[in-house]
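Under my numbering, the first residue of the sequence shown is numbered 1, with each subsequent residue one higher.
No lab work stands behind these hints: they were computed from the structure. Among the hints, erroneous ones may be present.
Unchecked claim - Simulated restraints on C-beta separations:
id	residue 1	residue 2	range
1	Thr14	Gln39	28 to 38 angstroms
2	Leu93	Arg12	15 to 25 angstroms
3	Arg43	Asn68	47 to 57 angstroms
4	Val103	Thr33	32 to 42 angstroms
5	Val25	Lys55	27 to 37 angstroms
6	Arg96	Glu76	37 to 47 angstroms
7	Val103	Asp66	43 to 53 angstroms
8	Lys55	Asn35	11 to 21 angstroms
9	Asn68	Thr3	52 to 62 angstroms
10	Pro80	Glu19	38 to 48 angstroms
To be verified - As a list, the in silico DSSO-like pairs of lysine-lysine whose alpha-carbon atoms are at most 27 angstroms apart:
id	residue 1	residue 2
11	Lys51	Lys84
12	Lys84	Lys94
13	Lys88	Lys51
14	Lys55	Lys88
15	Lys51	Lys94
16	Lys84	Lys55
Ideal Cβ positions, reconstructed from N, Cα and C, are used throughout, including at glycine.
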Amino acid sequence: MNTNAVVRELSRRTGLSSESTQRFVNEFLELITENLEQQIEVRLGNFGIFKPTEKAPRTARNLKRDENGKVIVIGEVLVPGRIKVEFKPGHALKERAERPIVVGATQAPTT
Numbered sequence: 001m002n003t004n005a006v007v008r009e010l011s012r013r014t015g016l017s018s019e020s021t022q023r024f025v026n027e028f029l030e031l032i033t034e035n036l037e038q039q040i041e042v043r044l045g046n047f048g049i050f051k052p053t054e055k056a057p058r059t060a061r062n063l064k065r066d067e068n069g070k071v072i073v074i075g076e077v078l079v080p081g082r083i084k085v086e087f088k089p090g091h092a093l094k095e096r097a098e099r100p101i102v103v104g105a106t107q108a109p110t111t
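Could you build the full structure based on these sequences and the hints that come with them?
Listed below in structure tokens is the structure:
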């Protein structure tokens, strides 16, 4: 499901106009993004947590095997540190999304 599909479905469920729903979804996503840019954790109830985490700089190596199969380093580069966003699903989301798969059962996806 992409953003446009989310907007259509929210508009249908709430009775709000597509334009109002689109504006709300855009502002909601922008608010989350702004907080993550400032390295502020975003908690959304039982849905989950968006958590910015700092990754330290590291050295990456370009490896190659010689004709005898021995691994040799042919180059190194410093990969700068960065902020990475991790998502940890909440308990309610995990319970609903991570249910067992029943082999042979056909079930329509729930929305």
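If you check each hint against the structure, which ones fail? none
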